[in-house]
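S.K.: For reference, the chains in residue letters:
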Amino acid sequence: MTEARTGPLRHLVSIDDLSLAEIRTLFERAAEFAADPRAWSHLGRGRISASLFYEPSTRTRLSFESAMLRLGGGVLTAADMKTSSATKGESLADTVRVVEGYADLIVLRHPSEGAARLASQYSAVPVINAGDGSHEHPTQTLCDLYTLWIERGRLEGIDVVLAGDLRYSRTIHSFIYALARFGANIVCVPHHGLELPDYVLQRLREEYGAEPVRADASRLGDLAAQSDAVYITPQKPHQLSLFTEASGLKVEHVDAVYMTRPQTERHTPEETTADYLRLGHATLKADVLRDAVVMHPLPRRDEISQELDADPRSIYFKQAARGVPIRMALLAALLGQIELGDAHPPVGPKLYPAPLANPCANPTCISRTETRHVQPATKLLSRHPLRAACGYCSQELTFGFVGCAEDRVYWPKESGEARRLRPERMVFLRDAPLAEAAGFRAPVTAAVVPPS
Amino acid sequence: MTEARTGPLRHLVSIDDLSLAEIRTLFERAAEFAADPRAWSHLGRGRISASLFYEPSTRTRLSFESAMLRLGGGVLTAADMKTSSATKGESLADTVRVVEGYADLIVLRHPSEGAARLASQYSAVPVINAGDGSHEHPTQTLCDLYTLWIERGRLEGIDVVLAGDLRYSRTIHSFIYALARFGANIVCVPHHGLELPDYVLQRLREEYGAEPVRADASRLGDLAAQSDAVYITPQKPHQLSLFTEASGLKVEHVDAVYMTRPQTERHTPEETTADYLRLGHATLKADVLRDAVVMHPLPRRDEISQELDADPRSIYFKQAARGVPIRMALLAALLGQIELGDAHPPVGPKLYPAPLANPCANPTCISRTETRHVQPATKLLSRHPLRAACGYCSQELTFGFVGCAEDRVYWPKESGEARRLRPERMVFLRDAPLAEAAGFRAPVTAAVVPPS
Amino acid sequence: MTEARTGPLRHLVSIDDLSLAEIRTLFERAAEFAADPRAWSHLGRGRISASLFYEPSTRTRLSFESAMLRLGGGVLTAADMKTSSATKGESLADTVRVVEGYADLIVLRHPSEGAARLASQYSAVPVINAGDGSHEHPTQTLCDLYTLWIERGRLEGIDVVLAGDLRYSRTIHSFIYALARFGANIVCVPHHGLELPDYVLQRLREEYGAEPVRADASRLGDLAAQSDAVYITPQKPHQLSLFTEASGLKVEHVDAVYMTRPQTERHTPEETTADYLRLGHATLKADVLRDAVVMHPLPRRDEISQELDADPRSIYFKQAARGVPIRMALLAALLGQIELGDAHPPVGPKLYPAPLANPCANPTCISRTETRHVQPATKLLSRHPLRAACGYCSQELTFGFVGCAEDRVYWPKESGEARRLRPERMVFLRDAPLAEAAGFRAPVTAAVVPPS
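Here the protein sequences come in this chain order: A, B and C.
Here the numbering used here is used: the first residue of the first sequence is 107, the next is one more, and so on.
Here the numbering used here is used: the first residue of the second sequence is 107, the next is one more, and so on.
Here the numbering used here is used: the first residue of the third sequence is 107, the next is one more, and so on.
Calculated from the structure, these hints are not laboratory results.
By construction, the Cβ of each residue, glycine as well, lies at the ideal position given by its N, Cα and C atoms.
Keep in mind that the hints are not guaranteed to be accurate.
Claimed, not checked - Some residues of chain C that are not near chain B, with every Cβ distance over 10 Å (derived):
1. 123
2. 186
3. 262
4. 312
5. 318
6. 381
7. 427
8. 452
9. 510
10. 522
To be verified - Quick list of the computed label-pair ranges, beta carbon to beta carbon:
11. C:447 / A:413: 36 to 44 Å
12. B:416 / A:451: 25 to 33 Å
13. C:115 / A:418: 17 to 25 Å
14. A:415 / C:523: 50 to 58 Å
15. A:489 / B:142: 48 to 56 Å
16. C:331 / B:469: 37 to 45 Å
17. A:467 / B:320: 52 to 60 Å
18. B:142 / C:443: 51 to 59 Å
To be verified - Computed, partial: chain C to chain A, Cβ under 8 Å:
19. 148
20. 178
21. 183
22. 187
23. 203
24. 386
25. 388
26. 390
27. 394
28. 479
29. 482
From just these sequences and the hints, can you work out the full model?
M.R.: Laid out in structure tokens, this is it:
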């Protein structure tokens with residue numbers, strides 16, 4: 107429902123839409139809510155949230171709806187958008203502009219990466235990303251961080267083991283970025299062959315100054331038996347040097363083990379999970395794990411034995427339950443019912459118009475299906491080397507040349523001329539023939555050097 | 107929930123169930139509700155509506171449920187009745203009598219024409235028709251009329267262009283009847299081959315005295331480029347003659363353009379929509395359209411270009427949003443929480459018992475599937491010529507003879523004897539052999555003249 | 107939501123989880139609620155129930171949700187658990203431990219027998235069994251008993267005819283046990299070949315002292331025309347002898363006829379229902395039926411003619427409506443909002459651990475699918491003869507021998523040694539080879555006599 111708002115319209119598309127200070131405020135409010143969940147039913151009174159789910163996710167939906175009900179609000183549920191309105195072929199941009207007339211807030215789950223970003227561009231009410239394909243799931247990240255914060259009292263400097271399939275779950279990647287952003291240290295204990303991808307490590311280094319170091323995980327026992335561990339820390343190099351040795355950094359104490367399921371559906375035939383780690387009593391006997399809480403985003407399959415359920419360190423069900431108060435806090439904030447107190451919050455990534463048709467190569471990016479409503483947009487990742495990503499799905503763009511939207515000249519991406527272009531003028535071009543076909547021309551003053 | 111009611115039990119099966127005065131009251135209350143949607147949560151407090159949807163329609167369902175939540179009521183949702191209880195083969199009449207025990211009001215969507223009429227005959231709580239096959243969708247009509255009333259301040263005498271596929275959407279036909287009833291003028295700009303059916307024109311003439319006139323739509327420009335326009339006005343003939351010319355009535359000013367999507371699923375192979383009208387900036391440049399609002403029941407496909415979304419005349423998303431306050435008013439009225447103030451409201455069409463088995467030829471009429479619970483009923487359309495329609499789906503009956511239920515004599519439909527029978531005694535009979543088989547006999551005093 | 111509770115955590119898995127005194131209190135409270143259903147919206151305020159439905163059952167779900175809304179509570183709906191989270195392969199035990207974080211009470215419908223028992227073992231919030239396969243549906247039983255109590259003012263000593271397919275519906279069997287428990291008399295009028303199974307009669311005799319007597323049902327007319335009626339009464343033998351004759355006990359007066367649908371989906375090819383009883387005006391003309399109310403759990407098909415709908419004795423739709431107040435009372439009780447007033451309520455059946463893997467032979471028992479989370483448990487039915495049932499699905503176990511978990515010796519089930527074992531030590535073994543394979547040995551002091 108469009109109406110006069112006291113504050114500016116805010117969405118939660120990515121965890122980066124919130125500042126660290128705002129996230130901490132959400133934690134504090136969530137803890138208050140959790141202490142007496144029935145005492146806050148005035149905050150959402152008369153408000154309605156709409157769950158627009160284009161793929162089923164009972165758990166996430168119920169968690170949001172529980173939070174909204176606890177706030178005293180009402181809930182509209184469209185749990186199966188795929189088979190209902192989609193049969194009439196309506197675009198997401200149109201659906202959002204209809205549903206904003208029915209609700210005060212939209213919770214969106216969609217199989218296409220970037221769907222929530224697109225929805226937020228059209229919606230007059232707050233949009234919360236409840237998962238867009240394999241891209242982001244920021245409230246899962248909030249829930250995980252909140253759980254760590256509750257259990258450890260802080261996030262900065264704590265040591266979190268991430269175990270299992272670290273390659274394919276982008277929600278795990280989002281969690282890693284957020285841990286780095288908060289100054290937590292990450293010990294990666296991947297299943298063999300399912301290590302963190304290079305682009306994640308690169309982003310950790312570029313954006314958060316987090317440095318991966320080879321780790322000596324021998325004290326982790328069974329947990330790291332089959333793994334080459336990596337320690338990633340956002341600490342300053344001079345601090346790091348204090349405890350780095352030739353044999354790698356020694357893991358001495360662990361605050362949390364975050365176990366992940368194998369993303370079997372995305373594996374290549376070579377990526378077997380036959381001997382995938384299974385957390386059990388034996389695994390948790392290592393001395394450095396004695397205080398470590400065990401987390402899992404659920405649902406689990408075999409990667410955590412049910413024999414651990416009774417172990418007081420197993421908090422995965424508590425972790426799921428904490429999704430309710432943290433979502434209460436988020437809903438209340440976006441509905442303008444509580445203040446997050448940051449005078450200069452982030453306003454989403456800086457996106458630049460992409461003057462040519464959308465250049466994203468990701469086949470499940472929303473920019474590929476909502477061609478009429480998408481506003482082609484790119485995110486500049488770095489200037490040296492020149493790297494850019496799709497403004498919707500965040501996937502890095504592949505290009506050999508960059509054209510200037512003004513003088514229509516194109517340059518090799520490695521050239522100084524390309525790097526010096528103003529971002530809003532950059533047109534990313536796969537190769538020279540495509541550039542020429544799009545009406546760009548090679549610079550006359552210098553020979554174009556093709557990329558090696 | 108059956109209980110003592112202060113007023114009589116009212117349903118909304120057809121828009122004709124409401125008097126013009128009542129509809130105007132609904133508009134006024136809806137406007138009050140829209141001004142402060144959260145101020146009315148006392149009206150539905152403690153009340154429950156049940157959404158019984160036998161085919162998916164997320165938009166309509168969410169609009170109703172939003173309205174009920176805004177009134178402070180509770181909502182029961184059965185969004186997929188087709189695959190759930192229908193698997194146990196329960197009749198609609200039984201389901202309704204069960205659900206009336208759970209809710210204070212039933213919102214019914216069903217693929218069979220006449221389903222809401224049948225449900226209303228069995229329900230002890232108000233039934234609202236949220237679409238019965240291709241028959242009626244009265245709250246869509248209310249929403250469209252309310253939008254025009256808000257935008258133009260009145261309905262009488264305004265000029266509304268209806269463009270596109272005017273042949274197959276019966277909800278468009280319902281809208282046209284309602285416009286005529288309120289004294290609005292209709293400019294039909296159909297896609298070639300998808301003109302208004304004759305029976306719609308006939309009903310407009312018979313029931314509302316609305317006269318179709320050939321129109322000169324040259325000033326409508328692109329909008330009418332491929333079309334022979336027709337102007338339909340419920341005004342009195344002497345008024346009409348003032349501005350009729352040999353070349354047809356000239357369209358000088360348009361209040362609204364109501365665009366419709368092609369009902370492709372119902373088209374014959376000859377009815378192509380290859381060059382179907384697409385509203386865009388160019389179309390709206392005609393001077394007579396400068397103040398015209400653009401409406402669409404949504405979802406749209408290509409018939410309205412997204413370039414129009416930013417045009418202030420485009421109000422299709424506002425139109426969708428207005429479905430909530432008008433439905434709030436309707437729900438509040440049927441729940442007995444607001445007065446509509448008409449001492450003598452209509453009580454639905456006058457139906458006569460059909461003493462033989464239901465004679466409807468419409469294969470998707472509810473009377474064909476709920477054979478045990480249907481109370482065969484017919485609606486007399488006219489006496490001269492003798493015409494009758496199914497009391498459920500409103501489809502005109504095909505018959506050659508009429509029998510008298512009392513003396514068991516049958517007459518040709520063109521005969522004076524047939525026309526003079528009392529409606530409650532009329533038995534509609536396809537042909538003479540069927541009449542004889544059903545135990546009727548030809549009149550002995552005169553030779554039966556077979557219909558030519 | 108786990109939190110401090112004033113009373114102990116109670117579930118409703120089986121009707122036997124409630125004492126007779128508690129059920130009577132529920133009736134009284136339900137009658138109060140029904141008198142003014144909107145006056146109790148404080149009882150559930152701020153509480154949330156979650157409908158977890160692993161198979162569709164719109165009627166049962168809506169009845170529960172209506173009850174919760176009437177209490178002023180909120181509702182989370184997962185109507186299609188089968189196709190949503192189950193696709194990710196999560197166990198019921200895990201799902202329950204997640205959902206308990208979202209809701210204050212779980213209403214569970216599941217196709218596997220024993221599912222609600224298992225869920226209750228893991229849930230920190232009350233679990234209500236809304237149907238577990240063909241096992242139990244205790245709130246249907248409560249609703250039926252409540253209806254009889256309202257109509258007749260008491261249950262003890264009333265005469266209830268059960269007609270139709272008495273063989274296959276276990277919910278009918280649950281109803282029969284409950285009638286016997288309350289001291290009602292049952293007149294069985296089965297369709298030919300679909301008589302009450304022997305194990306039901308046996309349990310009636312063993313647990314409730316209810317004695318089947320051949321009945322003279324001649325005064326029931328058409329209702330019993332094709333049937334050999336059986337009269338089952340929990341009255342003491344000396345009372346019974348007063349009115350037993352050689353020709354069988356004469357049915358003189360009937361308080362209620364409970365009609366059941368043929369469970370066609372479970373019938374063998376020999377079990378035809380071609381001439382299945384159809385209740386109509388003619389059937390109800392018998393003098394002994396003049397005051398009998400007609401009940402049916404719905405949905406009905408042909409077994410009750412719609413001509414009876416207008417008969418004041420037909421109360422099947424009222425019966426459905428009464429599901430709401432009785433469920434309101436149950437929800438309020440399990441949420442700790444009303445007192446049931448029994449200082450020593452039953453706490454579910456006494457279950458004994460089954461030291462070997464679960465021995466249940468029922469392929470749809472939850473113990474067969476949730477192998478990781480099940481706590482193999484058995485219920486001792488009798489010592490002479492030695493009989494035991496699965497603690498989840500209640501199906502009787504088939505075994506030839508019983509081993510002692512302590513000394514690992516096994517005995518024939520008929521032996522005195524077997525019967526004298528303490529129940530918590532009993533291991534039920536199909537045959538001697540299996541016993542030996544499981545590490546048990548035959549007693550050395552006596553020859554093992556194989557069961558004949």
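S.K.: Output the indices of the hints that this structure fails to meet, ascending.
M.R.: 2, 7, 14, 18, 19, 20, 24, 25, 26, 27 and 29
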